[in-house]
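Peer 1: Under mature numbering (1 follows the signal peptide of the UniProt record, and there is no 0), read the sequence shown as residues -25 to -1, 1 to 174, first letter to last.
Derived by calculation from the structure, the hints in this document are not laboratory data. A virtual CB, placed ideally from N, CA and C, is assigned to each residue, including glycine. Treat the hints with care, since some could be wrong.
[To be verified] Derived pair list, reagent style DMTMM-like, types lysine to aspartate or glutamate, alpha-carbon separation capped at 25 Å:
1. Lys9 / Asp81
2. Lys65 / Asp125
3. Lys84 / Asp125
4. Lys84 / Asp144
5. Lys9 / Glu29
6. Lys155 / Asp144
7. Lys9 / Asp125
[Claimed, not checked] Pair by pair, the computed Cβ-Cβ distance ranges are:
8. Trp117 / Asp159: 36 to 42 Å
9. Thr128 / Glu78: 18 to 24 Å
10. Ala146 / Asn92: 47 to 53 Å
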Amino acid sequence: MAPLSQCFIITVLFIAPFFGCCVNAQLSANFYAKTCPTLPSIVRNVMSQAVARESRMAASIPRLFFHDCLVNGCDASILLDDTATFTGEKNVFPNRNSARGFEVSDTIKTRVETACNATVSCADILVLAARDGVVLLGGTAWTVALGRRDARTASQTDANNQLPSPFADLATLNSSFAAKGLTDSDMTVLSGGHTLGQS
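Model the full structure from these sequences, guided by the hints.
Peer 2: Encoded structure:
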């Protein structure tokens, strides 16, 4: 049987399209090959530094990515701060005091902007960082398709409605994941996937 980290990777690869991100976009592993060729190394370097400082970041970033994708698609809306026009996803109950890695994402974005101003989406940074977190803990690497676009707004209401409570029972979790087109097996792998086989 494959370790949980490999199951998580495989599941994420196959279910990410079902989260509704980039429905009309053409994702490609080479999306930034000409416009920001240093992107992968920038993300990898910042993630390596972050994990060296605080090892749990290797699991926290994939969890952050999952929580982003579960609410209206993989669009980096979880990274948006509240504004006068919307209250976002960061502080909803399932994320409060448990979603971590925002500062790592900010550091990566700052360094990417220095190298390739106004080119790379935060959504793509987050998926690359999630992959690198898995790899830094000895998980299997995979090619990431890029080209996601960032959300310009976030919704506290959507996050509260779409993220399962950490206290949800099995039937509620299964129903919540089924509403996203995911199976009970997907739910099991994704619910524990951020442990990267360490649970």
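Peer 1: Each hint needs a verdict: does it hold in this structure or not?
Peer 2: Now for the hints, and whether the structure bears them out:
no., hint, result
1, Lys9 / Asp81, "holds (23 Å)"
2, Lys65 / Asp125, "holds (16 Å)"
3, Lys84 / Asp125, "holds (13 Å)"
4, Lys84 / Asp144, "violated (37 Å)"
5, Lys9 / Glu29, "violated (33 Å)"
6, Lys155 / Asp144, "holds (17 Å)"
7, Lys9 / Asp125, "holds (20 Å)"
8, Trp117 / Asp159: 36 to 42 Å, "violated (24 Å)"
9, Thr128 / Glu78: 18 to 24 Å, "holds (22 Å)"
10, Ala146 / Asn92: 47 to 53 Å, "holds (48 Å)"
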